[in-house]
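Engineer: If you read the protein sequences in the order shown, they are chains A and B.
Residues 1 to 76, numbered by this note's numbering, are exactly what the first sequence covers, in order.
Residues 1 to 193, numbered by this note's numbering, are exactly what the second sequence covers, in order.
Source of the hints: derived by calculation from the structure; they are not laboratory data.
Among the clues, some could well be false.
Said to hold, decoys possible - Stretch-level coverage of chain A by chain B, calculated; a stretch enters the list once three of its residues show a Cβ under 8 Å from a Cβ in chain B:
| # | segment |
| --- | --- |
| 1 | 3 to 17 |
| 2 | 48 to 55 |
Claimed, not checked - A few chain B residues that face chain A, going by a derived Cβ cut-off under 10 Å, partial list only:
| # | residue |
| --- | --- |
| 3 | A37 |
| 4 | L118 |
| 5 | A127 |
| 6 | T152 |
| 7 | H171 |
Unchecked claim - Cβ pair distances, simulated, as ranges:
| # | chain 1 | residue 1 | chain 2 | residue 2 | range |
| --- | --- | --- | --- | --- | --- |
| 8 | B | G57 | A | L17 | 29 to 39 Å |
| 9 | A | R5 | B | R50 | 50 to 60 Å |
| 10 | B | L92 | A | G19 | 19 to 29 Å |
| 11 | A | E37 | B | Q120 | 26 to 36 Å |
| 12 | B | D119 | A | L76 | 38 to 48 Å |
| 13 | A | G19 | B | A10 | 38 to 48 Å |
| 14 | B | S54 | A | A51 | 29 to 39 Å |
| 15 | A | L20 | B | T85 | 23 to 33 Å |
| 16 | B | A10 | A | Q47 | 41 to 51 Å |
Treat the numbers as computed from the prediction; the structure is a model and nothing was measured.
Here a beta-carbon is modelled for each residue, glycine too, at the ideal position from N, C-alpha and C.
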Amino acid sequence: MSDVRCVSGVELLADYLEGLLPADVCASLEEHVLGCERCQAFVASYQATPAILRAATDVVLPEELRRRLDQWGSGL
Amino acid sequence: MAARAAAGDASAFGVLVSRYQQRVYRLACRLTSETDAADVLQETFLQAFRHLSSFRGDSRFGTWLYRIATNASLMHRRSRARRPTESLEPFLPRFDASGRHAATPDELRVAAHAEELLDQATLASKARDGLARLPDAYRDAFVLRDLEDMPTAEVAVILGIEPAAVRQRVHRARLMLRGFLQDAATRSEGGRR
Numbered sequence: 001m002s003d004v005r006c007v008s009g010v011e012l013l014a015d016y017l018e019g020l021l022p023a024d025v026c027a028s029l030e031e032h033v034l035g036c037e038r039c040q041a042f043v044a045s046y047q048a049t050p051a052i053l054r055a056a057t058d059v060v061l062p063e064e065l066r067r068r069l070d071q072w073g074s075g076l
Numbered sequence: 001m002a003a004r005a006a007a008g009d010a011s012a013f014g015v016l017v018s019r020y021q022q023r024v025y026r027l028a029c030r031l032t033s034e035t036d037a038a039d040v041l042q043e044t045f046l047q048a049f050r051h052l053s054s055f056r057g058d059s060r061f062g063t064w065l066y067r068i069a070t071n072a073s074l075m076h077r078r079s080r081a082r083r084p085t086e087s088l089e090p091f092l093p094r095f096d097a098s099g100r101h102a103a104t105p106d107e108l109r110v111a112a113h114a115e116e117l118l119d120q121a122t123l124a125s126k127a128r129d130g131l132a133r134l135p136d137a138y139r140d141a142f143v144l145r146d147l148e149d150m151p152t153a154e155v156a157v158i159l160g161i162e163p164a165a166v167r168q169r170v171h172r173a174r175l176m177l178r179g180f181l182q183d184a185a186t187r188s189e190g191g192r193r
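This is chain A alone, in the form it adopts within the complex:
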């Protein structure tokens, strides 16, 4: 049985997702998450967070600023 609990699983998550955990720790974590509905929900929302923030903070350069920069760049 896995000795990983939700609290330790959360701390391992970033390294797990980057493939940096030793195989045995990796297996323990996966075993815990498979049997833990809370961790499955947590992992799903943890993984979704960067994409949500990325889309929500995407901005378009204002046209006036673009025009000024292009003018500056072409006048060098």
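We have chain A already, so just place chain B on it with the hints.
Structural biologist: What follows is chain B alone, placed relative to chain A:
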């Protein structure tokens, strides 16, 4: 194009300005604010032009420019008295005495559905607020690694820290922002009932 610009071809630098201005502006918005991003953008290209001869082509031009833009953003932020903001610490995950998540699966899951539960303007405002409330060190690492999609090793070089420190800061930022989204989405969901 970058090599031509570094060799003194001003028209080549003009092309690079056009090519990278959108990405630098977006980075500056994420590291500072839309109010300050215009100044950061201009400062970045001015610095890049002044130091073009120091670009040696051993890194990609985009990476070199991003380093300048990041430094310009951090300098700009430091020059401004930081408004007191509420910490995101309360949004870190909580556990019961046995080490189990204190929140229910439904509560934990809701952050993943923030885009469906919040309208676009509210979510954009929440996202800006969330970034601004992160500790600066977490914000810088998170923006470069997760929002600008730069490799951890490159972020480490730009911020002058070890890759392990980048991973740790990005992780803490994700935890705080995940909880912050959970709170916002839960309130929105509650308001609909």
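Engineer: Now look at each hint and say whether the structure bears it out.
Structural biologist: Okay, the hints, checked on the actual structure:
no.	hint	in the structure
1	3 to 17	holds (count 8)
2	48 to 55	holds (count 7)
3	A37	holds, 8 Å
4	L118	holds, 9 Å
5	A127	holds, 4 Å
6	T152	holds, 7 Å
7	H171	holds, 4 Å
8	B:G57 - A:L17: 29 to 39 Å	holds, 33 Å
9	A:R5 - B:R50: 50 to 60 Å	holds, 54 Å
10	B:L92 - A:G19: 19 to 29 Å	holds, 25 Å
11	A:E37 - B:Q120: 26 to 36 Å	holds, 30 Å
12	B:D119 - A:L76: 38 to 48 Å	holds, 43 Å
13	A:G19 - B:A10: 38 to 48 Å	holds, 45 Å
14	B:S54 - A:A51: 29 to 39 Å	holds, 35 Å
15	A:L20 - B:T85: 23 to 33 Å	holds, 32 Å
16	B:A10 - A:Q47: 41 to 51 Å	holds, 45 Å
Violated hints: none; the structure is consistent with every hint.
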